[in-house]
Amino acid sequence: MKISLNQKILSRNEECAKKNRIFFDEHGVFCLNVISSPGSGKTTTISRTIKDLGDKIRIGVVEGDIKTDTDAQKIRDAGGEAVQIETHGACHLSAEQVYNALKALDAEKMDVVIIENVGNLVCPSAFDLGESKRVILLSVPEGDDKPIKYPGTFAEADVVLINKIDLKDYIDFNLERVLADIRVVNPDAAIFQVSATTGEGMDQWYDWLINKNGAAQSAR
Amino acid sequence: MHETAVAESILNTIIAQAETADAKPVSAVISCGQFNALNDECMQFAFEAAAAGTVCESMLLNIKHVPLRAKCKKCDATFEFDVYKPACSQCDSMEFDFKRDAPLLLETIEFEE
Chain A
1 MKISLNQKIL
11 SRNEECAKKN
21 RIFFDEHGVF
31 CLNVISSPGS
41 GKTTTISRTI
51 KDLGDKIRIG
61 VVEGDIKTDT
71 DAQKIRDAGG
81 EAVQIETHGA
91 CHLSAEQVYN
101 ALKALDAEKM
111 DVVIIENVGN
121 LVCPSAFDLG
131 ESKRVILLSV
141 PEGDDKPIKY
151 PGTFAEADVV
161 LINKIDLKDY
171 IDFNLERVLA
181 DIRVVNPDAA
191 IFQVSATTGE
201 GMDQWYDWLI
211 NKNGAAQSAR
Chain B
1001 MHETAVAESI
1011 LNTIIAQAET
1021 ADAKPVSAVI
1031 SCGQFNALND
1041 ECMQFAFEAA
1051 AAGTVCESML
1061 LNIKHVPLRA
1071 KCKKCDATFE
1081 FDVYKPACSQ
1091 CDSMEFDFKR
1101 DAPLLLETIE
1111 FEE
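Protein chains in written order, with the numbering used here: chain A, 1 to 220; chain B, 1001 to 1113.
There's no promise every hint is true.
What the hints assert, rightly or not - Calculated pairs, DSS-like style, for lysine-lysine (alpha carbon to alpha carbon, straight line, at most 25 Å):
| # | chain 1 | residue 1 | chain 2 | residue 2 |
| --- | --- | --- | --- | --- |
| 1 | B | 1099 | A | 8 |
| 2 | A | 51 | A | 103 |
| 3 | A | 149 | B | 1099 |
| 4 | A | 149 | B | 1064 |
| 5 | B | 1085 | B | 1099 |
| 6 | A | 74 | A | 19 |
| 7 | A | 8 | B | 1024 |
| 8 | A | 2 | B | 1024 |
| 9 | A | 8 | A | 51 |
| 10 | A | 149 | B | 1073 |
| 11 | B | 1071 | A | 149 |
| 12 | A | 18 | A | 8 |
| 13 | A | 18 | B | 1099 |
| 14 | B | 1085 | A | 149 |
| 15 | B | 1073 | A | 8 |
| 16 | A | 133 | B | 1099 |
| 17 | B | 1099 | A | 2 |
Because the hints were derived from the structure by calculation, they are not lab data.
Starting from the given sequences, assemble the full structure and let the hints guide the process.
This is how it looks when you write it as structure tokens:
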């Protein structure tokens, strides 16, 4: 006996992502899911964003890591509010973990919630967290071959931040190739060249964030 | 290794279906697109490990990879997108639109007669 299901495999995660999305819509919260390799500067970028925009918009952070609350602590040191999820080995965040963290964060009071996913350029992209927009971070020292090696991840991006751009002249990094390779799989993503350490290019990213957040607010 | 999460999800569904059908599952077919980054060996290993000790133990898992179609903006040709040769198969242009990538699906389950 054979039965046909044609059922989405990660449907449980998708159901919960839907719940998160409804929560964000209801409370006018703009949510970002930030994905990158380990060490590309997710926490530094988020910390700097909070320092520079904290007096304009209220930003809450959900931190995903395999172990420790180091990153949540860094966000608090930058003046932000953060909740840490320890995945104890899991290589990605699930929508359910985020749902629980949102309650602990009092997320309904936030203008923007930034989810910093577990450092990994493959697995997190398969799990919808209910975010408004997806941000992929790629740092210059990782090399210019990342977009073509991880096409699925870049295909799903709404924004690509090319971080540590201040290092591009010191490293064999072909920026034109990176931009072209991103465009092959993703013609629509906004691409910003930034350095979260020096602040170079961050204004464009902030403009995008405030603009999009404004759009979410007016939809309230 | 998101394959473990995929394996658990498939397993839960099959076990529930096996209870309803009151039969032992022998094989299942899943399908995925090009951007799901599903590795066959990891998937088989994760499923085997998750299925051990359940009604699904020693079940056969077939994995279908559905090609991703793209349409060239220059010459209008429709072709199968190859991540490692991202160009139109007809005119070599690198400007094209993607059709929708196939989702991760549990297509069929086969039970013992």
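Now for the hints, and whether the structure bears them out:
Distance restraint check for residue 1099 of chain B and residue 8 of chain A: the Cα-Cα separation of roughly 19 Å lies within the 25 Å cut-off, and the hinted pair is therefore satisfied. Between residue 51 of chain A and residue 103 of chain A the CA atoms are separated by roughly 24 Å; this keeps the pair inside 25 Å, and the hint holds. For the hint pairing residue 149 of chain A with residue 1099 of chain B, the CA-to-CA distance comes to about 20 Å; that is within 25 Å, so the pair holds. Among the hinted pairs, residue 149 of chain A with residue 1064 of chain B is consistent with the structure: their alpha-carbon atoms are about 21 Å apart, no more than 25 Å.
Restraint check for residue 1085 of chain B and residue 1099 of chain B: the C-alpha separation of about 17 Å stays at or below 25 Å, so the hint holds. Between residue 74 of chain A and residue 19 of chain A the alpha-carbon distance is near 29 Å, which puts this suggested pair outside the 25 Å criterion. Taking the CA atoms of residue 8 of chain A and residue 1024 of chain B, the gap is about 22 Å. The hint holds against a cut of 25 Å. At most 25 Å may separate the alpha-carbon atoms for a hinted pair to count; residue 2 of chain A and residue 1024 of chain B meet this at roughly 11 Å.
Restraint check for residue 8 of chain A and residue 51 of chain A: not satisfied, since their Cα atoms lie roughly 41 Å apart, outside the 25 Å limit. Between the alpha carbons of residue 149 of chain A and residue 1073 of chain B the distance comes to roughly 23 Å, so the proposed pair stays at or under 25 Å and holds. About 22 Å separates the Cα atoms of residue 1071 of chain B and residue 149 of chain A, which keeps this hinted pair within 25 Å; it holds. Note on residue 18 of chain A and residue 8 of chain A: the hinted pairing holds, with a Cα-Cα distance of about 14 Å set against a maximum of 25 Å.
A C-alpha spacing of about 24 Å is found between residue 18 of chain A and residue 1099 of chain B, which places the hinted pair at or below 25 Å, so the restraint holds. With a C-alpha separation of about 12 Å, the suggested pairing of residue 1085 of chain B with residue 149 of chain A holds against the 25 Å cut-off. A hinted pair counts as satisfied when its Cα atoms are at most 25 Å apart, and residue 1073 of chain B with residue 8 of chain A does not qualify at roughly 31 Å. At roughly 21 Å between alpha-carbon atoms, residue 133 of chain A and residue 1099 of chain B fall within 25 Å of each other, so this suggested pair holds.
The straight-line distance between the Cα atoms of residue 1099 of chain B and residue 2 of chain A is roughly 30 Å, outside the 25 Å bound, and the hint therefore fails.
Hints 6, 9, 15 and 17 from the earlier list are contradicted by this structure; the remaining hints agree with it.
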